[in-house]
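Just need the whole structure built from these sequences, with the hints factored in.
Number of protein chains: 2
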Amino acid sequence: MKKLINSPETFVKDSLAGMALAHPELIKVHYDPNFVYRADAPVSGKVAVISGGGSGHEPMHGGFVGMGMLTAACPGEVFTSPTPDQMLESAKMVNSGAGVLYIVKNYTGDVMNFEMAAELARAEGIKVQNILIDDDVAVKDSLYTAGRRGVGNTVLAEKIVGAAAEKGYGLDKLADLCRQVNINGRSMGMAITSCTVPAKGSPTFELGEEEIEVGIGIHGEPGIERMGMKPADEITEMMALSIIEDDAYTRTVREWDDAKGEWIEKELVDPPFKAGDKVIAFVNSMAGTPVAELYVVYRKLAEICEKKGLTIVRNLVGPYITSLEMQGMSITLLKVDEEMLGLWDAPVNTPGLRWGV
Amino acid sequence: MKKLINSPETFVKDSLAGMALAHPELIKVHYDPNFVYRADAPVSGKVAVISGGGSGHEPMHGGFVGMGMLTAACPGEVFTSPTPDQMLESAKMVNSGAGVLYIVKNYTGDVMNFEMAAELARAEGIKVQNILIDDDVAVKDSLYTAGRRGVGNTVLAEKIVGAAAEKGYGLDKLADLCRQVNINGRSMGMAITSCTVPAKGSPTFELGEEEIEVGIGIHGEPGIERMGMKPADEITEMMALSIIEDDAYTRTVREWDDAKGEWIEKELVDPPFKAGDKVIAFVNSMAGTPVAELYVVYRKLAEICEKKGLTIVRNLVGPYITSLEMQGMSITLLKVDEEMLGLWDAPVNTPGLRWGV
Numbered sequence: 001m002k003k004l005i006n007s008p009e010t011f012v013k014d015s016l017a018g019m020a021l022a023h024p025e026l027i028k029v030h031y032d033p034n035f036v037y038r039a040d041a042p043v044s045g046k047v048a049v050i051s052g053g054g055s056g057h058e059p060m061h062g063g064f065v066g067m068g069m070l071t072a073a074c075p076g077e078v079f080t081s082p083t084p085d086q087m088l089e090s091a092k093m094v095n096s097g098a099g100v101l102y103i104v105k106n107y108t109g110d111v112m113n114f115e116m117a118a119e120l121a122r123a124e125g126i127k128v129q130n131i132l133i134d135d136d137v138a139v140k141d142s143l144y145t146a147g148r149r150g151v152g153n154t155v156l157a158e159k160i161v162g163a164a165a166e167k168g169y170g171l172d173k174l175a176d177l178c179r180q181v182n183i184n185g186r187s188m189g190m191a192i193t194s195c196t197v198p199a200k201g202s203p204t205f206e207l208g209e210e211e212i213e214v215g216i217g218i219h220g221e222p223g224i225e226r227m228g229m230k231p232a233d234e235i236t237e238m239m240a241l242s243i244i245e246d247d248a249y250t251r252t253v254r255e256w257d258d259a260k261g262e263w264i265e266k267e268l269v270d271p272p273f274k275a276g277d278k279v280i281a282f283v284n285s286m287a288g289t290p291v292a293e294l295y296v297v298y299r300k301l302a303e304i305c306e307k308k309g310l311t312i313v314r315n316l317v318g319p320y321i322t323s324l325e326m327q328g329m330s331i332t333l334l335k336v337d338e339e340m341l342g343l344w345d346a347p348v349n350t351p352g353l354r355w356g357v
Numbered sequence: 001m002k003k004l005i006n007s008p009e010t011f012v013k014d015s016l017a018g019m020a021l022a023h024p025e026l027i028k029v030h031y032d033p034n035f036v037y038r039a040d041a042p043v044s045g046k047v048a049v050i051s052g053g054g055s056g057h058e059p060m061h062g063g064f065v066g067m068g069m070l071t072a073a074c075p076g077e078v079f080t081s082p083t084p085d086q087m088l089e090s091a092k093m094v095n096s097g098a099g100v101l102y103i104v105k106n107y108t109g110d111v112m113n114f115e116m117a118a119e120l121a122r123a124e125g126i127k128v129q130n131i132l133i134d135d136d137v138a139v140k141d142s143l144y145t146a147g148r149r150g151v152g153n154t155v156l157a158e159k160i161v162g163a164a165a166e167k168g169y170g171l172d173k174l175a176d177l178c179r180q181v182n183i184n185g186r187s188m189g190m191a192i193t194s195c196t197v198p199a200k201g202s203p204t205f206e207l208g209e210e211e212i213e214v215g216i217g218i219h220g221e222p223g224i225e226r227m228g229m230k231p232a233d234e235i236t237e238m239m240a241l242s243i244i245e246d247d248a249y250t251r252t253v254r255e256w257d258d259a260k261g262e263w264i265e266k267e268l269v270d271p272p273f274k275a276g277d278k279v280i281a282f283v284n285s286m287a288g289t290p291v292a293e294l295y296v297v298y299r300k301l302a303e304i305c306e307k308k309g310l311t312i313v314r315n316l317v318g319p320y321i322t323s324l325e326m327q328g329m330s331i332t333l334l335k336v337d338e339e340m341l342g343l344w345d346a347p348v349n350t351p352g353l354r355w356g357v
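Chains as they are written, first to last, in the working numbering: chain A, 1 to 357; chain B, 1 to 357.
Treat the hints as calculated values from the structure; they're not laboratory data.
Just so you know, these numbers come straight off a predicted model, no measurement behind them.
Heads up, a few of these hints could be off.
The list makes no distinction among identical chains, and a pair is therefore deemed to hold if it is satisfied within one copy or across any two copies.
[What the hints assert, rightly or not] Each computed DSBU-like pair below joins lysine-lysine, with the alpha-carbon atoms no more than 35 angstroms apart:
#1 K260 / K92
#2 K140 / K307
#3 K200 / K230
#4 K200 / K260
#5 K274 / K28
#6 K200 / K266
This is the structure in structure tokens:
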């Protein structure tokens, strides 16, 4: 195994330490339990937005901590859910009194641990809401997931919801916004190569010399289909159409009802995209694919969106939700209204995303 | 060969087209000859800063075109020098009358073609200066290069010089600044994996399963030493010390003397780093290495700089001068004074680098 690490055991901490050294004005790192938090937290009067998940997807989530995005992030070991104590301790550290919104990618371990953390935090008097992101149209149910996986739309949700928290949205309004961003966004990924979890030391899966996998998850979970390498335009079209032509998606999620004081089941429906929609288009590298290839994908994606009557009003092209050193990419489309667009454009200052400052 | 391209023949143009579609407010692309230029060029009263080189190093250079950085960039085919007509036509397109500074990485083809372009541009009445970047301490003379190669410091030079042009520096002052940035900066790279030039279809070089190459160039040119994989801290220390302890480097470069109307030879000396120096530290991914590993490197680099009495006043961590899909990284240290630091902090708005706007 060839990686720029010192050992599998120290990888996550060494990387966090380096990020803290590189961006002391933006973030601090707490160890044991591990979490990254805004250097100026708690931010008076503002709801804290916290996310987290397995490491290996950087800059998500720790690289998105800072003004206008996350207040804290909890990194697990590589491809492993963080634990409730990380989520609880980070909430205690950054809660200003206005409450905490947990943004949770739909993986069974993450969902369970964030629910447990929310209960522990409530027991300590902190108001908490958990909102799920489940945007991956590739598969229904998967390794590690019941329902759709949470992938690229998480980045967009963290930006938009983080900007809203910065503007002073209250917890309930913020939860509504985050739920709506989840409802409005869909993604799909593909892999050109596998990736190696340091503690394991061998590739997560095997791909042939001329083989790719479409519909793959960010942990190398199986996708829809293995196929021979194809021109970028063909792959892009296949994925973009899967996203755009996806039917209404109905599922039940658990959210906390503060009035009732219990978890309730809520039915969500993602309506399909339709001509006239305005979207943010996000072409993401799984890390190993260079930006020059992402632009080849973006070119075709823009053409398809135009044909389908979708107007790309903003875009994001680069490695933002990665899968260790995997080569491959994902596409996310998020339907936005004027409120979301304004929040997208708002200033952000994090190690991984910065504009307006 | 597995890449997100349509064909080796269309790769560069497809990628440029995608970048233009993604960033119409920042850049435009001219085809045949190919160059990327600021959407608002020529910028009245400002010197145009133009760079270029083989494709495959994105976001450098095309991704650095925009307010506060490059006015235009000329992409060659992958790992192939652009041609004088690209450099000439871009100069004609973006020259405001204040002249053109060509920033040239020290590769024989680039140097020759930019000199030829400068002569053609002068024949058309455009004032031009060529400044060389030759910061790679790994090897003296190399495949494609007499003297040291131009690598990571090019990114820093383009940012600083671009900001100075934006501020209204005249051509001679801008050339002096760029020369000084070159004199103040040193780099070294290493590769974990090889990379594949699309038109060739097979890896540029071979590395064993547990082998790395230290001192490698951005086209996979041989480095100093092949060795077994080592802990990141050890690799970082080896490279950082090679940079910091590098002796005074003396060489002769060719620059244009406007008064004499001829190319003159100029002796440049890079003094060694010394305790008390302020530096910008740049940890760059060759593309395939994820940012989480770059932070592992940064952690050790910060420790070494501190031990050597160098104060890191700013840093840049990410994939900015890449080598197709190669895994690996490079380290650049640039000694800065207050002027350079202010220019580094100035607003920049390009597809690849953005802050302050």
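Hints, verified against the model:
For the homomeric pair K260 and K92, the shortest alpha-carbon distance inside one copy (24 angstroms) is at most 35 angstroms, but the shortest distance between copies (70 angstroms) is not. Taking CA atoms no more than 35 angstroms apart as the test, K140 paired with K307 passes inside one copy only; the shortest distance there is 27 angstroms, against 53 angstroms between copies. For a Cα distance limit of 35 angstroms, the shortest separation of K200 from K230 qualifies both inside one copy, at 30 angstroms, and across copies, at 18 angstroms. Proximity of K200 and K260 under a CA criterion of 35 angstroms is satisfied in neither setting, with 45 angstroms inside one chain copy and 65 angstroms between copies.
In this assembly of identical chains, K274 and K28 lie within 35 angstroms of each other by CA distance solely across copies; the values are 30 angstroms between and 43 angstroms within a copy. In this assembly of identical chains, K200 and K266 lie within 35 angstroms of each other by CA distance neither inside one copy nor across copies; the values are 38 angstroms within and 55 angstroms between.
Comparing the model with each earlier hint shows violations of hints 4 and 6; every other hint is respected.
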